[in-house]
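**Q** All chains, please: the whole structure from these sequences, using the hints.
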Amino acid sequence: MFLGDTLDKNLSSWMKKEGPEGDIVLGTRVRLARNFAKIPFPGVANKEQAKKVLDNCTKLDEVLSGLGKFTFYKMAEVDSLERQLLVEKHLISPAHTEATAYKGLLLSESEDISIMINEEDHLRIQVLYPGFQIEEAWRLADRIDDLIEAKQEYAFDNALGYLTSCPTNVGTGMRASVMVHLPALAKLNQLSQVLNSVTQFGLVVRGLYGEGSESYGNIFQISNQVSLGHTEEDIVELLAKITAQIIASERQARQFLIQSEQRLASEDSVCRSYGILAHARKIGTKEAMELLSNVRLGIDLGILKNLDKKILKELMVCIRAAHLQKIMGQSLPPEERDRLRASLIRERLQSASA
Amino acid sequence: MLCERCEQEVASVHVTKIINNQKTEAHFCQKCAKEVGGFGFGIEIPNIFSSFFEQPKIWGTTAHKVSSCPTCNLSVDDFRRINQLGCSDCYQTFRTDIHPLLRRLHGASRHVGKVPLKSHAKTRIERQVQQLRDQLQQAIDVENYEEAARLRDEIRALESRLQNMEVDE
Numbered sequence: 001m002f003l004g005d006t007l008d009k010n011l012s013s014w015m016k017k018e019g020p021e022g023d024i025v026l027g028t029r030v031r032l033a034r035n036f037a038k039i040p041f042p043g044v045a046n047k048e049q050a051k052k053v054l055d056n057c058t059k060l061d062e063v064l065s066g067l068g069k070f071t072f073y074k075m076a077e078v079d080s081l082e083r084q085l086l087v088e089k090h091l092i093s094p095a096h097t098e099a100t101a102y103k104g105l106l107l108s109e110s111e112d113i114s115i116m117i118n119e120e121d122h123l124r125i126q127v128l129y130p131g132f133q134i135e136e137a138w139r140l141a142d143r144i145d146d147l148i149e150a151k152q153e154y155a156f157d158n159a160l161g162y163l164t165s166c167p168t169n170v171g172t173g174m175r176a177s178v179m180v181h182l183p184a185l186a187k188l189n190q191l192s193q194v195l196n197s198v199t200q201f202g203l204v205v206r207g208l209y210g211e212g213s214e215s216y217g218n219i220f221q222i223s224n225q226v227s228l229g230h231t232e233e234d235i236v237e238l239l240a241k242i243t244a245q246i247i248a249s250e251r252q253a254r255q256f257l258i259q260s261e262q263r264l265a266s267e268d269s270v271c272r273s274y275g276i277l278a279h280a281r282k283i284g285t286k287e288a289m290e291l292l293s294n295v296r297l298g299i300d301l302g303i304l305k306n307l308d309k310k311i312l313k314e315l316m317v318c319i320r321a322a323h324l325q326k327i328m329g330q331s332l333p334p335e336e337r338d339r340l341r342a343s344l345i346r347e348r349l350q351s352a353s354a
Numbered sequence: 001m002l003c004e005r006c007e008q009e010v011a012s013v014h015v016t017k018i019i020n021n022q023k024t025e026a027h028f029c030q031k032c033a034k035e036v037g038g039f040g041f042g043i044e045i046p047n048i049f050s051s052f053f054e055q056p057k058i059w060g061t062t063a064h065k066v067s068s069c070p071t072c073n074l075s076v077d078d079f080r081r082i083n084q085l086g087c088s089d090c091y092q093t094f095r096t097d098i099h100p101l102l103r104r105l106h107g108a109s110r111h112v113g114k115v116p117l118k119s120h121a122k123t124r125i126e127r128q129v130q131q132l133r134d135q136l137q138q139a140i141d142v143e144n145y146e147e148a149a150r151l152r153d154e155i156r157a158l159e160s161r162l163q164n165m166e167v168d169e
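Just so you know, the protein sequences line up as chains A and B, in that order. Just so you know, the working numbering puts 61 at position 61 of the first sequence, and the rest follows in order with no gaps. Just so you know, the working numbering puts 164 at position 164 of the second sequence, and the rest follows in order with no gaps.
I should point out that these hints are in silico values taken from the structure, not numbers from a laboratory. One or more of the hints may lead you astray.
[Claimed, not checked] With a straight-line cut-off of 30 Å between C-alpha atoms, the simulated BS3-like cross-links for lysine-lysine are:
| # | chain 1 | residue 1 | chain 2 | residue 2 |
| --- | --- | --- | --- | --- |
| 1 | A | 74 | B | 118 |
| 2 | A | 51 | A | 286 |
| 3 | A | 52 | B | 122 |
| 4 | B | 118 | A | 51 |
| 5 | B | 118 | A | 38 |
[To be verified] Below, a sample of chain A positions facing chain B; criterion: calculated Cβ distance under 10 Å:
| # | residue |
| --- | --- |
| 6 | 38 |
| 7 | 146 |
| 8 | 159 |
| 9 | 163 |
| 10 | 192 |
| 11 | 228 |
| 12 | 271 |
| 13 | 275 |
| 14 | 279 |
Since we're looking at a predicted model, the values are computed, not measured. Using N, Cα and C, we set each Cβ at its ideal position, and we do this for glycine too.
**A** See below:
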C-alpha cells in the first residue's frame, strides 16, 4: 500500500543501519557550535549581517565536497511539513523551524551530516551515526570544522575558546550525545538510579527530542553538560566510558529478564505488547512508543523471532505526526493520525515478520 | 509506603538488587538512602568532574561599569534576561558577569581544547608544545628515556617552527 518505498526514502542512514552496540545505543551525535569572526551572533545580527552569513554558506557544499554530496536549503523555502519532518528525524532543532528568514541547512545525501545556519549560532555542525560511535562522529565533525575554518575565520578567543551565543556552549562548542534504549533497566525499576548516577559525572539525561522533551519508550539522550575546561577528546572519552557502563548495566538487567524464573513474565509482557501493536485500530504516539520499546526488547532477548530489529528506530520516527501526514500527502486531524499510526504499525509488523 | 529503615518518612528511593540471581527490594526515604549508600549499580569511575560542584557563586553581585556592548549594543539587562550574548566582543564587555557564570556552569574558565588550524596556528603549536612537555615529564618520571628523547626532539622541532613564525611576523 503506502508503505515500503515512501517510508524507506524517508529514513536517514542513522535510522536504517544498526551500528555497534545497536541493541542498546540507537545512535550517536556530535555537534559543534561555531560563529564567524566579526559578525554579531544570529540573535542580535541585523538583516544584512544575517543574510551575509547565509550567503557565505551557500558554497559550503563545495568546501565539503570531499565528504560527499550535500544539498543546501533556505529554511524559508522549505514548507512547514518538511521542516517538521526534519525535526522528527533529529536533523534540525525545533527552534530552526521558526522565524526562518536567513536560516539555512546543509544536509549530506545520507543525512549523517547536517549543518544548521543561523540557528542560535552561525553554524551548528552535526554528525549523526548509528550505534555507539562517539569517537568516529567526533573525528568527522572535527574534519568538517577544519575544512570550513580553512575558508572562513571563526570567532575564537585564546582563553575562552570558540565563542558562542550562549555561555553554556563556549569553549569547545561541543555537545556529544548518545541515544540509548534501556527497557530492561526500566522494567527492574533501576532507571532512575542509573540515570541519576550519570549526572554526577557531569553528563545530562534528556528525552528523545533533546532539551525539554519527554522521554518516550525508554529512550534517552545522554550528553556532556560542560564545554569549557576539558578537551574534546576528554569529553568523548568520558561519554564513551559512562555509556559503556550503562550498556553493561542494561545487558545485566536483560540477562536477568530471561532467566528461568523471569522468563515467563518477560515473554508474556513482550507478547502482549506485540499483540496490541499487531491488532490495534487506533493508537497514540506515547502508547505506541512504549509497546514498540517492549517489542524491540523481545527481539533483542530472542523472544520474538523473525522480526526486523529496525522496526523500533524506523517506527519511532515514522509514527510521528509530520511523517504520517507526509505518507498520506495531506494534513490529518489527531484522531485520523491515531488510526493511520495503528495501521502503519500493523502493516510494518506484518512485512517485518515475513 | 514508609521508609523501611526509619519508618517515619515516605520512601522515595527504591532499590532492586540482583545478587546471585536473588532479587531483593528495599525502600528508603531520601535521608536514609544517603546514609545507607552503596546504590552505585556497579558504576565506578573516578569522579573527574567533581570540580563542577565546587564554588557555586551567585552571579550578578559585581558592580558594573559598562551597561551595553559597544559593538552590538546588547545591554547587561538583555544579557541577563535572555542569557545569550550578542557578539564576540560581549565576552570582553561583560566579563565581570561572564567569568563567574562560566565557573558556575563549567567549573572552569579556560579553554583547553581544539584551536583553529588556520587562524590560530601559533596558539595551536604552543598548546601542543605544552602537552608534549607534560608527556615528557611523565616519561622522565617513569624513567622511559627512549620516549623522553623522542618527545624532546618533537618539542624542539615545534619550537623552531614557532621561532620561524615569529620571524615571518
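**Q** Taking the hints in turn, state whether each one holds.
**A** So, going through the hints one by one against the coordinates:
1. A:74 x B:118: Distance ~29 Å between residue 74 of chain A and residue 118 of chain B Cα, so the pair holds.
2. A:51 x A:286: violated, 40 Å
3. A:52 x B:122: holds, 29 Å
4. B:118 x A:51: Between residue 118 of chain B and residue 51 of chain A the Cα gap is close to 25 Å, so the pair holds against 30 Å.
5. B:118 x A:38: Holds, at about 16 Å.
6. 38: With Cβ-Cβ at 7 Å, under 10 Å, it holds.
7. 146: Result: holds, 5 Å to nearest chain B Cβ.
8. 159: With a minimum Cβ separation of about 6 Å from chain B (threshold 10 Å), the hint on residue 159 of chain A holds.
9. 163: holds, 5 Å
10. 192: holds, 8 Å
11. 228: holds, 4 Å
12. 271: With a closest approach of 22 Å, the residue 271 of chain A hint is violated.
13. 275: Residue 275 of chain A check fails; min Cβ-Cβ to chain B is 27 Å, beyond 10 Å.
14. 279: Nearest chain B Cβ about 32 Å off; hint violated.
Checked against the numbered hints above, the structure breaks hints 2, 12, 13, 14 and satisfies the rest.
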